[in-house]
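There are 2 protein chains.
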Amino acid sequence: MPQPLPPEPLDFGSAEFQSAQAELFDFIRIPSVSADSKYAADVAHAAEFLKSKLESLGFETRVDPTGGHPVVFAQKIVSADKPTVLIYGHYDVQPPDPLELWTSPAFEPTVRGGRIYARGATDDKGQVYAHVRGVEHLLAQGELPVNVKFLIEGEEEMGSPNLEGYIYAHTADLACDIIAISDGSRFAKDIPSITYGVRGLSYIEVEVTGADRDLHSGVYGGSAPNPINALCQMIAQLHDAEGRITVPGFYDGVLELTSEERAAWASLPFSEREFADSIGATELIGETGYTALEHTWGRPTLDCNGIWGGYQGEGSKTVIPSKASAKISCRLVPGQDPRHITRLLLEYIPTLAPKGVKVHAFEHHGGMPMVMDTSSPYFAAAARAVQRAFGRPPVFIRTGGSIPIALALKTALSSEIIFLDLGLNEDNLHSPNESFALEDYQRGILVSSYLLEEIGSRV
Amino acid sequence: MPQPLPPEPLDFGSAEFQSAQAELFDFIRIPSVSADSKYAADVAHAAEFLKSKLESLGFETRVDPTGGHPVVFAQKIVSADKPTVLIYGHYDVQPPDPLELWTSPAFEPTVRGGRIYARGATDDKGQVYAHVRGVEHLLAQGELPVNVKFLIEGEEEMGSPNLEGYIYAHTADLACDIIAISDGSRFAKDIPSITYGVRGLSYIEVEVTGADRDLHSGVYGGSAPNPINALCQMIAQLHDAEGRITVPGFYDGVLELTSEERAAWASLPFSEREFADSIGATELIGETGYTALEHTWGRPTLDCNGIWGGYQGEGSKTVIPSKASAKISCRLVPGQDPRHITRLLLEYIPTLAPKGVKVHAFEHHGGMPMVMDTSSPYFAAAARAVQRAFGRPPVFIRTGGSIPIALALKTALSSEIIFLDLGLNEDNLHSPNESFALEDYQRGILVSSYLLEEIGSRV
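From first to last, the protein sequence lines stand for chains S and B.
Under this note's numbering, the first residue of the first sequence carries the number 242, and numbering increases by one thereafter.
Under this note's numbering, the first residue of the second sequence carries the number 242, and numbering increases by one thereafter.
For reference, chain S alone in the conformation it holds in the complex (with noise of 0.2 Å):
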């Protein structure tokens, strides 16, 4: 059930949330499943839709076509010499299937227990639409604080092909003071969080081959070299017996955590046991001297990611392959140029290759780390929102992954990111029977509108 919120004009009963609730139905029930090409005249529609919303707020606004579905762009100017604030989000929503385990329709939003079960509930169109209000509901009180942008894309569940070209061909349209993002989880039910960093990456593929073709392990085992075996060991030797990377050079420049953000990380009530739990393994791992949260958001990582070579079905084959192969990625922290560290893996990994194979190791792609100046006015204005939405502070959070369209939203606009989660983990996002808490929609509208006002009056 909602729990009681602070004293607000934006109740439960009230007709405007009442008419934010209709209207958050009639854009969910736009199945904009943007990786189905079956959906593509939905995935238009639902740009079409917030092109109307938008306009009838008196924004400016363009539905942009892409190489792939369109962008929506709105833009609002009340002055130029207020700050502009760019909220970036997505239309597009993953397939709903498994249709079959979904307790009421993926496309018709069902209300239980103060949940919206939907498609596209949290991820993005609850959020997404959660600013749309709040932009709305400053408006009923008068004019907007500061200048607001939209960038609302429709291919954000298909990896944004088509976005950063857009970003960069757009870059005077979207040239604003500081971006937002809401399109996530926050720390915990009772804890809202402000994202300030992710981590970078560096992805390579490494392809190890000993013979030119499958031997039989017993004609040639013993004398033919295996690259299985010869994959595995350099594989093996990647990582110290304190867990740390042996790359040479890898941890050269990487900004160590400060004292304040260990102690602050620290002080978050979150159990090592509990997310062991939480994923089901035995325990957890990493470098020594880190905890669990600094491993996941403030240190850099290697993990394969996939491995191959060799006979992989049913019993057995007696079998030495030519060639076996690994995926293997980075996550990079502050301080860590993935150009430079993929370079560092590429030179390095084929020198750790035992005698009798060749090695071929190739890059994939990567992206950069960000951690945002938290000193930032901004930052203290959304922390102000935070407080005024959620009767408490923030608490200021890493995540362990890597968002490319940010960086290039932050490169390409030399601008701060500030990430708002409004969902939860428990909102089942690309799952069956996502949702998101009617009293997390009301919160994000007035998170978004505080947020405005914030910056508006005091940045």
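By construction, these hints were calculated from the structure, which means they are not laboratory data.
Among the clues, some could well be false.
Identical chains share a label here; the pair holds if one copy fits it or two copies do between them.
[What the hints assert, rightly or not] Once the Cα atoms are required to be at most 25 Å apart in a straight line, the calculated SDA-like pairs of lysine to any residue come out as: (1) Lys596 - Val488; (2) Lys558 - Leu665; (3) Lys596 - Thr487; (4) Lys292 - Glu524; (5) Lys599 - Ile486; (6) Lys430 - Phe603; (7) Lys558 - His605; (8) Lys599 - Ser566; (9) Lys558 - Glu604; (10) Lys599 - Tyr552; (11) Lys599 - Gly556; (12) Lys323 - Glu555; (13) Lys558 - Asp578; (14) Lys323 - Ala381; (15) Lys294 - Lys323; (16) Lys558 - Thr652; (17) Lys599 - Phe516.
Just so you know, these numbers come straight off a predicted model, no measurement behind them.
Could you slot chain B onto chain S? The hints should help.
Below, chain B without anything else, positioned relative to chain S:
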């Protein structure tokens, strides 16, 4: 072109060799592909073909049904006082695909450059029919000098799924003093050989589990256990820097190569550089202190035959998989019991698991190593037979592979086995354009008849 033969009555132009060739061609023309059910009638036809032929030679002959393709059993008992020789071979063949790579049709034997090109020419129709005609060659001179039995199966190319059961059900029929098998390649074109040892096998699978589901490598990477990293660390520890296997107790009881064997093998014309080149490898590997022939014929091994886990497709996926697996097998040498070695592997490998992962290791199958007593009079007789047919004595070699059916024969019948391989590696067995040199067929007939003569007269 054929090399000059030692003076013998079976020259190329003789009516006898013309007949032997014509009959082999008729045998080859029957497409007895055991693995493909559409050839089932042909497989049965090939069995009947042999039955008719052996009956025409005065053999008491049966085509015995099995759960799959039938076994041809034939015997000619000349005297209870004479030794009995059991000749094993197979009348089934590999599928001929890919057909388009054959220069002449797979089942139409065609002579080019002194070679018979056809599926089954060397494996095993040519070699088994050399024994049939070897018996006929002797019968033309009078009664057989020994008792002779034939065991010719129709499922060798499927892994002989029914033969072991057949052997144990027919030990009285199959009782013999020595077994002769011709189903492979001799050491080199100008070097006839007798194989007196095969390696055994212990084959297991190891599954490593971290979390109970695939995880996002950004969100969890650094503290979530990675089963691929873990499996690689475990596999890497299975060999030491000298290429020795680290499983405790693994080498206990291993029968070391004798100085005589090592000297004999060292004297063989064999180039490790050419061996490496023949498999397209930059160099050979193996346990320090042994030659390549020793590595493959006389020392135990541990090879990964397959490995898999995580993402194996195009491009990249940032996953930490729940599971990773490997198939691992050891070739064993005399003194090692596969059941014991399998137990050692299954006990030791899980102890190598780093923290955070669970290990499930289980057995696939095993096979005993075998080494024959080359000091027995049967080996001396075989050596004289080869000397008479090839004009030079055979070298005594081992093979690195395992021959499960040979083990069953040896065990069930308490008999040694002489592997008298008549083919050559260049015969392309199992590949398009399989062939068998006419002179090897001719020599094979002589080897077979001399073997029976030598055993009859001097054992």
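Exercise for review: Hints the structure violates: just list their numbers, smallest first.
Suggested key: Structure breaks hints 4, 6, 12.
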